[in-house]
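Protein chains in written order, with this note's numbering: chain A, 1 to 479; chain B, 1 to 97.
Quick caveat, the hints were computed from the structure, so don't treat them as lab data.
Among the clues, some could well be false.
Heads up, simulated EDC-like pairs for lysine to aspartate or glutamate below, C-alpha to C-alpha not over 16 Å straight-line [claimed, not checked]:
{"no.": "1", "chain 1": "B", "residue 1": "Lys25", "chain 2": "A", "residue 2": "Asp357"}
{"no.": "2", "chain 1": "B", "residue 1": "Lys49", "chain 2": "A", "residue 2": "Asp376"}
{"no.": "3", "chain 1": "B", "residue 1": "Lys90", "chain 2": "A", "residue 2": "Glu339"}
{"no.": "4", "chain 1": "A", "residue 1": "Lys380", "chain 2": "B", "residue 2": "Asp44"}
{"no.": "5", "chain 1": "A", "residue 1": "Lys291", "chain 2": "A", "residue 2": "Glu477"}
{"no.": "6", "chain 1": "A", "residue 1": "Lys265", "chain 2": "A", "residue 2": "Asp45"}
{"no.": "7", "chain 1": "B", "residue 1": "Lys39", "chain 2": "A", "residue 2": "Asp376"}
{"no.": "8", "chain 1": "A", "residue 1": "Lys390", "chain 2": "B", "residue 2": "Asp52"}
{"no.": "9", "chain 1": "A", "residue 1": "Lys384", "chain 2": "B", "residue 2": "Asp44"}
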Amino acid sequence: MRKNNNMRFAELTINSIHQGLINKEFTCQELVSEYLRWIKLRQNDINAFITVTEEMAMQQAQKVDEKINAGKEIGILEGVPAAIKDNFLVEDILASAGSKILSNYIAPYDATAVKRLRTAGVIFLGKTNCDEFAMGSSGETSAFGATKNPLDEERVPGGSSSGSAAAVGDNQCVFALGSDTGGSIRQPASFCGVVGLKPTYGRVSRHGLIALASSLDHVGSLTKNALDAAQVLQTISGADDFDSTAVDQQDDFLSHIDDDLRGFKFGIPKEYFIKGMDERVAEVVLQAIDKLRYLGAKVIEVSLPHTQYSLATYYILQPAEAAANLARYDGVKYGLRIEGENLEDMYIKTRSYGFGDEVKRRIMLGTYVLTAGYADDFYKTAQKMRTLIKQDFDQVFKKVDCLLTPTSPSVAFKLGEKFSNPLTMYLADIFTVSANIAGVPAISVPCGRVDNLPVGLQIIGNYFEEAKILQVAHGFEKG
Amino acid sequence: MIDENLVEHLAQLAKLDVTLEEKAKYGEQLSAILDYVKKLHSVDLMTVKPTDHITGLKNVSRNDEPANIFSVKKTLKTVPEISLNQIKVKSVLNEKK
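Let the sequences and hints guide you as you build the complete structure.
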């Protein structure tokens, strides 16, 4: 069965849904019922969702219909069906973070990003599958089974926002929230043929996002196009009393999104077109860059000289912060508890049973690099390299508006292909991690195919210049 | 190199139990990863300052005022074992040492 033959509202975007609702082409309840029906039909094959929140979604839809029928105005996101990655807290709903250790954890409050979407009238269809505690680049470490790539069910959708990307790509929702610590929004976006936005660090509050690595975690979105990404960002961004790292800066991501790209200066960092990556992916991305030249932009070669150290820096900082952040899962206050002979035994049994393989590996790696005697060698060294990586971006943004790179060195790989070798899996992040280390905004847009599998073009911008990268992404889509 | 003894030590610190097989497996995998990240040591970073916060925000604070923000009921519902509205665990301080 060709997918989407059967899905009435496939391909609808935020704007087209808004128009459809206010023009009474369909009711919100019809819309949401159809999405729920499609989700049910696809769940066995794709496994994008951990929890489907049918009752809540229909109640929300009913409220929207009542409002429309009463002649009241509705907001642009009101009535739009979305999905939320399972490492975000949605009040009264299971938040598992893809892990056994939280498989019984009912969220007592909404994450800030979730709350802002709820207030805007977004319909929550459910919680999407993800790599356990967002640790992974394929979706395969989830305790709830791997999510499949809707374009080829023998392949991974990417990770860790595997369910969110697959759900948007398969039209199971209009957009989804995701988190990106080393590429976890952008890489699955590129594998599933959707748009993935990681904003600037601090742009969106992380309150209610189950922490992986606090200095690297970013809240962002998986959407069908750049305009939708801008719309979602406009709603979820801004300062938050609950997150002291959220920056008090309100920007307008929409007013100039349609402006043309003439006069834009792009940089192609030579370190992102390397031996060992799929040459056909490089070719597709270079063709996409040609398209931008054709739209009137200037393209020059630039250099980010410390790129070769990004992955090493990331795989020291992230596991260290993860080890610290995951210490709280001890069976005491929430989640799984496995009783032991004494308190310590309870900690050990709970964590050993509750955590999966990759999580344990990263916790031990993080513990090692923070151990007295080694911390200077590893953690402090990585922090110093972080300074240099950041400076690379500072320098290059004096010369160009945005950078253009492939999002991933390959298209979606097969399930099981990289799973047995952690280091091989880590290399999947090679083009995405720098933007997390530096905290600069980056977006992945579909730009072509190899073997009929999507390729992502990554557009990286300067701090707080999401409006620019969204404008470029939108212009590229239109062009 | 990360040998099995070191894996056992790290597991203890992280409050994890690892089997003999896992010790060997993790030892191998962690060694390979460390080998990779050691490439940072080939760079002269003597004069570079470490970055711990990327946006340079400093001393962000709020007033220390109590408020009813989170539902006590919903929060307590997540606790594995409750007694008199308190979190119940095995004894923290032991008689014998």
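Exercise for the section: Verify the proposed pairing of lysine 380 of chain A with aspartate 44 of chain B, using a straight-line Cα cut of 16 Å. Expected result: Holds, at about 13 Å.
Problem - Given pair status - aspartate 45 of chain A, lysine 265 of chain A, alpha carbons within 16 Å - result: Between lysine 265 of chain A and aspartate 45 of chain A the Cα gap is close to 43 Å, so the pair fails against 16 Å, i.e. violated.
Problem - Given hint aspartate 357 of chain A paired with lysine 25 of chain B - CA-CA distance at most 16 Å - result: The given pair, whose Cα atoms are some 11 Å apart, holds under the 16 Å limit.
Practice task
Compare the distance between the alpha carbons of lysine 39 of chain B and aspartate 376 of chain A with 16 Å, and conclude whether the hinted pair is satisfied.
Solution key: 15 Å, holds
Exercise for the section: Mind checking the alpha carbons of lysine 49 of chain B and aspartate 376 of chain A for me, to see if they're no more than 16 Å apart? Expected result: 13 Å, holds
Practice task
Assess, step by step, whether the Cα of lysine 291 of chain A is no farther than 16 Å from the Cα of glutamate 477 of chain A, and give holds or violated.
Solution key: Status holds; Cα separation ~10 Å.
Practice task
For the pair supplied as a hint, lysine 390 of chain A and aspartate 52 of chain B, confirm whether the alpha-carbon distance does not exceed 16 Å.
Solution key: Holds, because 12 Å separates the two Cα atoms, which is no more than 16 Å.
Practice task
Could you grab the alpha-carbon distance between lysine 90 of chain B and glutamate 339 of chain A and see if it respects the 16 Å cut-off?
Solution key: 9 Å, holds
Handout entry: 16 Å Cα cutoff - pair lysine 384 of chain A, aspartate 44 of chain B
Key = 10 Å, holds
In this structure, the one hint that does not hold is number 6.
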